[in-house]
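From first to last, the protein sequence lines stand for chains A and B.
Residue numbering for the first sequence follows my numbering, beginning at 1 and increasing consecutively.
Residue numbering for the second sequence follows my numbering, beginning at 1001 and increasing consecutively.
FYI, nobody ran anything at the bench for these hints, they're computed from the structure.
Heads up, a few of these hints could be off.
The list that follows gives simulated cross-link-like pairs (lysine-lysine, DSSO-like), each with its CA atoms no further than 30 Å apart [to be verified]:
#1 A:Lys296 to A:Lys320
#2 A:Lys192 to B:Lys1097
#3 A:Lys218 to B:Lys1036
Cβ-Cβ distance ranges computed for the label pairs, FRET-style [to be verified]:
#4 A:Gly433 to B:Asp1406: 36 to 46 Å
#5 A:Glu184 to B:Thr1079: 31 to 41 Å
#6 B:Gln1353 to A:Arg116: 23 to 33 Å
#7 B:His1164 to A:Glu401: 19 to 29 Å
#8 B:Asp1121 to A:Leu172: 32 to 42 Å
#9 B:Glu1053 to A:Arg225: 28 to 38 Å
#10 B:Ser1078 to A:Leu172: 37 to 47 Å
#11 A:Ala429 to B:His1451: 24 to 34 Å
#12 A:Leu172 to B:Lys1036: 53 to 63 Å
#13 A:Gln222 to B:Thr1282: 38 to 48 Å
Stretch-level coverage of chain B by chain A, calculated; a stretch enters the list once three of its residues show a Cβ under 8 Å from a Cβ in chain A [to be verified]:
#14 1143 to 1156
#15 1162 to 1175
No residue lacks a Cβ here, since even glycine has one placed at the ideal position from N, Cα and C.
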Amino acid sequence: MQREANVKLKEVISSLCKLLAGLGVEAPSPETFRRGKFNRRDGTADLWKLLYSLLKPLHQDCPCASNKANLALQVDFVKSVLLHYGYGVRELYQLPADGSEGSRELLLALSWLFHRINLLEQLLNKTRLSLGDETTLCVGGTPLVEGSLGLSAVQGGGVGGARYLEWLQGQLRFHWRALHAAQEEKAALLYKIHTYTKGCHSNPSISHLSVAETSLIKSPRQQSRMLMLLECEITLLESYLEWKRLEPLYWHWMESVLDARLADDSQEVLIANTIAMASGFKRKDKDSCQRNQSMKREMDRLSKELLQLKWGLQGEASAKRASWCKRVEHKEQDIPLDPQEFGAIALKLHDRVGQKLSALRCNNVKPATNTAYRLLLRETTKQKTLPVHAGETEASQVINELKEMESDLLSELTKLRSDCKDEMLEMMAGVDGMIFIPPLKR
Amino acid sequence: MSIVTVQLGQCGNQIGQELFNVISNDSHSSRGQCPKTESEAYSICSQERFFSEGQNGAASARAVLVDMEPKVISHTISTAAKSGRWKYGDQSSFCQKQGSGNNWANGFCVHGPRHEEDIMDLVRREVEKCDRLGGFFNMMSMAGGTGSGMGTYITQCLRDTYPHSFILNQVTWPYGTGEVIVQNYNSVLTLSHLYQSSDAILVHENDTVHKICAQLMNIKQISFKDVNKVIAHQLGSVLQPAYTEGASEYNRNPLGDLMKSMVCHPEYKLLGLRNIPQMSETSLAYSVFTWPGLLKHLRQMLIANAKMEEGIDWQVRPPAGGLPPAEKGTHNKQLRFNTSLANLLILRGKDVQSADTGGFMDPALYTSWLPPGVASSTWRTPMSFNRYEKSATLVSNSQFLLKPLDGIVGKAWNMFASRAYVHQYTQFGISEEDFLDSFTALEQIIASYTHL
């Protein structure tokens, strides 16, 4: 029975290693996994490296990620990413930076990642081959403000200063315009290809070829290469299916790992740790990742502002209510007691209030979504509103949404501009001997 | 990437026609010393930039011609067709029966809005022919009524319709002793309004070009055609394809690259142009040039604010380093030293890779708040331009135009102080307040350049 279980376990772990190898990650041997259960020191470095190479593709833009094969840096990176995802086990963060101890902790962290963020599925998604024309759509969200950067660099003369910043901003604007023109050209050419190849696709719902497919038609060498790539992907997916089939055994084994861990620790530490894992409290440990720190600062700032806003609104509301009540008392004498007239007046008031409220429509900040879409050229559907399936949307709808966002932001910008101008006029009024000259009216 | 040229008024149309001539000849001429692939790449890039495929494969210039009088436009179109190599499109010109009478207000407030739709239609048609719009190149003069007044209005319309495009305005400054009495009014109004909608204003002064024709090219009877040819040569040397630093293909975004290096700050948009060598065709055959010689001359022209190769003041030197910025201004004024904000060198011809442009990276040439690495750029191409074996052009955003600008504003203010001829403008819709606003804007520009 034991031997059978062992054999099964070996099968499970080897399928996992095969999958990892297929994903292009250097997978440790199944022996390493088994040893990890018993918290052996050898093979710990391999497990750290494994976690690093699994997490790096998902967090390319984190400043902690480095290309060097420095184990200490890799350990730091893994810790900061786990913190980012909210992994609450204190022992992991206390593991030494040279990566010599804690293989069991690492195994637990790995399995937690598999479950929590669908690590394997995310990686599979990244390595997916796609032949369609893709575009990414970024909607909503406000950029994280990194604090007052660069303002300390603004001084009088010398290299730098406000004028240099203005110069750089102008340069940025020109670069942006060039990018915009390039995007327009790309869209025009894409449209040409899509219209010319209408009816060529084997799938009737798609009906036209993409750029990649068109270039495949032109060169047979690329075709054989594409065939190879597709075959690789199929083997990868097959290994994934195999893993999925054996996955329940993996979780059984993980339970045994957890048992082994809990058995090793003393009683109080056990309770403290389970509470920690359950509640996911904020880490106060030294965390070197800039991004995590700035997110923490931002969240603190937002919660403080929210509290202040709440108190402020309460105060304002009670003050306004008091004054309104007084005014209503005065007005009540003027209002005729005839029920019909009263009803008409009430309705008019209701409408006006409704209009004012809709004008004050709050710009709810949607979280930033950054989704990749495949571009398809289709005839416009007869229905007025296309039901938005998960992941399918119409370009005209997206355009309308973006236009709405644009007008909101523009009105906010004009308001900010006029506020700024009023502020400057006030300041100028206090200074003798200076005239404020606004730019030429158009 | 294609540039749409908008030729406005008499001056704009005539110079535009010469420019297309120069470009067409340049891209078709055979060059012995360059490999065929290089030559072909140059031709293709240049053709795509300025010409579209008309019917029967004839090259059709990407241009819109605008004038109020029919005479100049018809002459321009027929001259172009005579060349045989290129022509203007059949539907790309707009004209009316009667001119603007040198009245800026007439052009801006009356003719502009009235014919806006028709003209923008023509522009739209040209833009649609482009795979990628590289920007607009508007050519006009400052002294007249149509070019300056209507031209300014059209530039505004272009900015409104194509907010993300690059707009380069080429402006011809009138002779100091010009024929049009109100030319200074027109100039002031044009410049102040163009500053709002255009990205960069490239200036040619008629006086300077006239001197070049007389002294360098030894032309006895200088006609407008000669002046226009020189201006077209200078413009062509800027707009024809070249390699930006480190690039392996001809730049596909010439206007964008120009703006990026030169006019990033919104207060400093005036560009001056210096091109050497310039000489008559007969002398050209017997002259030999070296890059060090050309670059040395060009550098001194920049420092001493010389308008052409002859009569350069070699005494003027850049100031030694270590002077605090406040004192620098008066010090430079005493030395008649020309401080630059940004410079672009365009080198065309044989052995261009060996040319050393280190002299232009000297921090003493530039203002203190922009590092010379950012302020100075170079474009090169081994293709020779317009029969000059080696030719160097300097596009400079510097104090070149400070004195002429000051002169124009001064003269215009003197006239305005006595309200001379102002009624001609107020009757068409430009009020005295508009004049005052324009004067203020220009004074601001002059102040910015003075304290560079």
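Could you check the structure against the hints above and give me the numbers of any it violates, in ascending order? Numbers 1, 2, 4, 6, 12, 13, 14, in rising order.
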